[in-house]
Every structure is written in structure tokens, then in C-alpha cells.
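Residues per chain, in single letters:
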Amino acid sequence: MNALNPVCKLIGIFVPTLILAAVHHPILNISVFVICLLLLLMSRVRVKLLLLLFLPIILASIGMFFTGYHFQVESGAPVNADNWQMTGSAVWNGLTLSSRVLVYAGLGLLFALTTNKIDLIRSLQQQLHLPSIFAYGILAAWNIFPNLMEEYRKTRLAFRARGVYTSPVSPTLLKPMLVKAVLWSNALSIAMESKGFNGSVKRTEFYVIRVGWKDLLFPVVTIGGMVVFVF
Amino acid sequence: MSKLAFQSVTFSFSESGKSNMIQDLSITFDSESITVITGPSGCGKSTFLNLAGGIYPQNAGVLHSGHISVNGQNLAELAPDQRAPMIGVMFQNPDLQFCMDTVENELLFCLGNVQTPPEKMPKIIQDALEFCGITHLKDRKLQSLSGGEKQKAMLACLVALDPEWLLLDEPFANVDEDSSAELVAKIEELHQKGKGILVVDHRLEYWLPVCDEICFLESNNDMNITRYKMEAISDEMLMEKGILPPSIPYKQKGDESIVKPVNPILEIKNLTVFRGKQQILNTINYTFERSKVYALLGTSGSGKSTLFGAINRLYNYQGKILLNGNDVKKRVIRKTGAIGFVTQNPQDQFVASTVLEEITIGLHRTKSLSETEPILRGIGLWGYRNFSPYMLSQGQQRRLGVASLMAYDCQVLICDEPTYAQDWKNTTAIMDSLVEEMMERGMTLIFSTHDRKLANDYADVILTLKEGELIECSKPSL
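If you read the sequences in order, they're chains A and B. Anchor point for the first sequence: position 174 equals 174 in the numbering used here, and the numbering is continuous, going up by one each time. Anchor point for the second sequence: position 238 equals 1238 in the numbering used here, and the numbering is continuous, going up by one each time.
Hints listed in this document are in silico derivations from the structure and should not be mistaken for laboratory results. Worth double-checking, as some hints may not be accurate.
[Stated by the list, open to error] Below, in silico cross-link-like pairs of lysine-lysine (DSS-like), each with a Cα-Cα straight-line distance of 25 Å or less: (1) 1138(B) <-> 1003(B); (2) 1229(B) <-> 1466(B); (3) 180(A) <-> 1141(B); (4) 1241(B) <-> 1251(B); (5) 1141(B) <-> 117(A); (6) 117(A) <-> 175(A); (7) 1292(B) <-> 1241(B); (8) 48(A) <-> 1141(B); (9) 1277(B) <-> 48(A); (10) 117(A) <-> 1138(B); (11) 1120(B) <-> 202(A).
[Said to hold, decoys possible] Away from chain A, derived, C-beta distances all over 10 Å, residues of chain B: (12) 1146; (13) 1164; (14) 1192; (15) 1312; (16) 1442.
Small disclaimer: the values here were computed from a predicted structure and weren't measured. Think of the CB as a built atom: it goes at the ideal place given N, C-alpha and C, for glycine as much as any other residue.
Put together the whole structure using the sequences plus the hints.
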């Protein structure tokens, strides 16, 4: 999965996600989730990381199962599920809801954990002709992102150093952080321009992201498989 | 020979042009000289450099008349990719210069901007990295680099872009002395290869041995520049212009034979800090005493900010930090704000909407306007009291940051680079008032700096961080 063209991977994962939104079938959901899990393991994603990421997802999934279990069509709850092809079975209803949580998380993580963000942006630029002003703007913002948590801590500390105690989610912290974000983006855009960046002219690229037959096959298989199963 | 010329330039930050920052300024620099522009903080040095680099008026301000040109080409008429082969700029803040993740990707980004053929890129990148001595950093994440390494990476970008002129805006403000000396040597080498060098800096010690002329920038109502060749520069003349010559100390030494009573206030026991997987501080044990001034030296990335961050619970740590015998992790200590902290970047500590509020907010002892006025006048910011702190210049922000913490009661005041981006006058004003307040209130002052002379002149104890360990140095060894 790591070697697949990012845009082909994006289409091959995004379109099935849309199809899944319209279908309520726990077997399909669980099958896709298991495939995602296998692909993640085959892509050498660390098992420890996977376990950590899936822990809250599984908890949410269990929560959704019991929601569906207790509030199915015949329970008398004000839920009209007739139009959504649900059966009256409480278990089936619970599984339908909980498996949706799993499958969306699985697909999302499959893409996020096997895609290099720089390659994705390059691929979006080269294959989908994303304007470079967006592409490099996203990258610049992305690379500033890890600093945000540290900035949040620093801002809390600044208040504390002045004897003003703020709660962890205090809106008071937002103002200095927003001002800083604006100043950062301004300084960063000036620095990018001073290095010759011009969003409206053609650039040269050293890394060319190619599209091979395996890359094209991926969306064909995923979208085709989904269509065959559904119809 | 390349020429960078300001011709009858009138510039302001407002459309009305009522208060022009620059009025009918004409000056020409040629690439045969290394020119250093200096002046008091807040006089407009960075504005001048941003105009010279074509960043203004394209990004801010209004050019009411005149133009700035390189070899006759008006910079305002050029797009960024056309400007890059003429002018390259190195900025003050090394954290906000990069948009990619690794050094190599940043260099590829630069070369892609100026439409360099892809087959030529590897050789250009290799040469640039070798020139700057950072081949080993090629695949490193930019975020993991120290301030000095980031500036070297930035220099590598400029070398790869190969502009006719290099403009440097206080490039060593966040860089240790060794890295600064290395960077100056590289810049001098580039000059010998024909690059024009224009530097804005208030610390001249690095530049005096290599520069050909110094321009003094003064701003009363509008900007005024006087230029001198190096032959005309003397220590007396520098001091007259408000610049501290490298050989002159910040202040005359006091009586060092006075022994202050030993009274521990802040105890650090077995402090170990990891950032990610990297161990930054290694089992530090040290006791800070009441009413003493401590200076903390160390190269960029040696862990000075990490140590301060740990004391302020910004980072998780192993070991104990005790204030008056109480663990700083205890909620009661956290809430009282007994440890004041002046951050390296003054913007990190602003909590109010105006300069005036910044002084008054959160004070335990109530201060009236009449009491805050002398504080703001003392740091030259009374006229800016209704401005947002973010609208001040870097130097002014630093002074406000220090003053706002001094107005607040605390037992230990930690200052991360309190004189960063300050000229001589403001450096001594900040340090003198810090020490005076400290003596008056019996608190302890701990400050980090890259300036050994400042540490020697103001500190009772000089500490250095080396390979994760805190070592007390005797002053004569510096």
C-alpha cells in the first residue's frame, strides 16, 4: 500500500467510502474492515500503533452496537428504519451501526498510515493539477501543525506565569493562539515568496509521481468489488 | 559589480501617507562591500531590509514614491520567482522560514520555484549542503534542527538559489556564538565569490572583522542613514552611536567579594527530560539560591529552553523540582505563579489586548494607572499603551514582556534570552532593571543567553549546559 500512487489510493478508498454510506450491510462493512486491517499489517504499520489507534474506535463501535441493539425498529423508539432495509433483529441492527464505525475508521487509517503527505501533495499536483499555491500552502500549514500543541502549552504557561489560571479548554487561550497563527502564516508566506515561490507560474519537479498499472488496478478493484457486492 | 539602490523612496504603512516611515530616501549599495546596517531597536531596520528584499510593498505598506532596484530593475515590478535570482533573504526567526519537512525537500522546493531543470537539482543541492557543512542534515526533519542548524539550512537554500544579493535580518538572534562564527565565515566566502551582502544587526562583534562599511539608521520622524567606511570606525564613535564595541563590558563590575547568604530556593533533583526519544537533560542536580543572578549558557539545542520548560511544567520530566521545599507539580504552587517566566519569543507571553493591560493584567497587588505609567515610560512604550502588543516591533515586544513580568510578584524569575534582539542601550536597561527588582524583592533571577559578555557582567553564577549536564563555570574561564 505504501508504494501505491497516492491519488489512485485516495480515489480507491474515497469512492467505496461514499458507496458504504448508502448501504447498511454489516457483513460488507466487517469484510472491508478486515481487508483494511490485513492491508495495514501487510504495509508494516506497527502493531502497537494500530492497537492504540483502534482502542477508542472499538470502544465507540461497542457503544454504537448497544445503541442499535436497544433502539431497533420494534423497540418502540421513534426510529423509522424501514426505508433503510434494516431487519427487525436487534443484534443485526446493532451490528449494522457498530460495523459502520469500524469500516470508516479502517478505511481512514489505511489511507493515513500508508501515505506520505509530501507524496500525496506532489501526486495531487501532478495527476489532478492541484494549483501549487494550495499544495504548498497545505504543506506549510501541515508542517506547522506539530508546533500547535507546544504553543497551546506555552500560552497556558504564559497566563499561569502572570497568576491567571486557565482551564485546559478555556476560550481565553484561543485569542493569543489565533493571533499567532495569523502572524505565523504571514511570516511563512513571506519566507516562501523570498525563496521564489510564485503560485501562478509553472514549477519544475524533481520527484515525478508516476501512475502504473498496479496503481490503476487498485481503484478498479475496490470500486468494482463494492459495486458487484451491492448490486 | 551589482548595485542595490533606493531612489527617492517614500514609504509608510498607511495609505494616507501622513506619517511616512521613510521620506525621500536615496542610497546605493554595491556588491563589492559587506554593509552592516545598525541602529536602536524599533528604528525600522527590518522594514528597511524588507523593502530592499522586495517583500514590501508587495506584502505590506505603501510605496508612495521612488523605487528600489537591483542593477536598474525595479523590484516592485518583479514576481517572486523573478526576484529570487537577484535577492535572497535570511530572516530573524529560523522557525518560520520553511514550508517542507526535510532539508532536502526544502531545497527541492526552492529549486522548483525558479524552474531549475530536475536533472541539475541533485548536484546543486549537494554543493549547497557541502558548502554549508550540513551534508549530514540532508534527510533530517527541519523541526528537529537547532536554531544554528536551521540558519545553516536556510543559508544552503540561498546558496542553491544563487542570488546576486544576500540580505540578512539579525540572522544570529537565536544562534549560539560558535554557529554564528561559522555562518559569518561562510557568508564572507560567498561575498568573495561576488555576492553582495547587506546585513541588519545590532550586535556588531561578528561583523566588525569582515564588513567594509557600517550604516547607522536613526528614526525620529523619518528614517535617516549615515554611512561610514570601516577606517572611520572607532570604539568611541560606536558608543556615541549607541553601539557597544566588543571590547567594552556592559557595566563596570561590582564588588564581587560580598558573600550573599546561602538560602536555597529552587532545588533540582535528578532531573531527566526526554523530547520524543531523545534525552535532552541527563540527571541534573542543582540548587539555586535566593537573591542571586544565574546566567545559563550553552549552544543552540543544548537544552536551555527545555530546562526552563521543565521547571515551568511545560514538559514532562523524571526527578524532582522543589520551590521552597515544595514540589512545583503541586497545584498550590501551580496556581500561585510563584515562578515568573519570560519566554524566548515575547509573543508567547502576551495575554492582553493592549500594552497597558499587559502590564496590569493578573497582578496580585493592584496597580493604578499612575503606577503603571512610569513602568511603560521606563521602557519607552507609554505612547503605545493602547496598541495591541503584537503590533510592536520585536525589540519593543521583548521590553514589554520583561516589564510585565517584573510588575508581577514572583520568587523566581526565569528569563529565556531576555535581551534577544535588543540594542546595547535596551540590553543594559533591561538587565539593570531586572537586577534592581531582584535585589529589592529578594527574588532569584535565572536567565539564558548566547552573549558571554552579558553573562559575565551580570551574573553571580554562570552555568553551562553541555551534553545534557549542568555545569557551574568560574567566570575567568569564559
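Next on the checklist: A cut-off of 10 Å on Cβ-Cβ distance, and residue 1192(B) was said to be off the interface with chain A. Does that hold?
Outcome noted: 24 Å, holds
Item to check | Satisfaction of hint between residue 175(A) and residue 117(A), Cα-Cα up to 25 Å | outcome: This hinted pair is violated, its Cα atoms lying about 29 Å apart.
Item to check | Proposed proximity, residue 1138(B) with residue 117(A) (alpha carbon, max 25 Å) | outcome: 18 Å, holds
Item to check | Minimum Cβ-Cβ distance from residue 1442(B) to chain A exceeds 10 Å | outcome: Per Cβ check, residue 1442(B) is outside 10 Å of chain A; nearest 19 Å; holds.
Item to check | Given as non-interface: residue 1312(B), which should sit over 10 Å from chain A by C-beta | outcome: 5 Å, violated
Item to check | Restraint status (C-alpha distance of residue 1141(B) to residue 117(A) at most 25 Å) | outcome: Satisfied, since the Cα-Cα distance of roughly 14 Å is no more than 25 Å.
Checklist entry - For the pair supplied as a hint, residue 1138(B) and residue 1003(B), is the alpha-carbon distance within the 25 Å limit? => result 34 Å, violated
Item to check | Straight-line alpha-carbon gap residue 1292(B) to residue 1241(B), limit 25 Å | outcome: With a Cα-Cα distance of about 33 Å, the restraint between residue 1292(B) and residue 1241(B) is violated, given a limit of 25 Å.
Checklist entry - Does the structure keep residue 180(A) and residue 1141(B) at a Cα separation of 25 Å or less? => result Within the cut-off at roughly 23 Å; holds.
Item to check | Hinted pair residue 1229(B) and residue 1466(B), Cα distance within 25 Å | outcome: 40 Å, violated
Item to check | Distance restraint between residue 1241(B) and residue 1251(B), which requires alpha-carbon spacing of 25 Å or less | outcome: 17 Å, holds
Checklist entry - CA of residue 48(A) to CA of residue 1141(B), is that 25 Å or under? => result 24 Å, holds
Hint check: violations occur at hints 1, 2, 6, 7 and 15; the rest are consistent with the structure.
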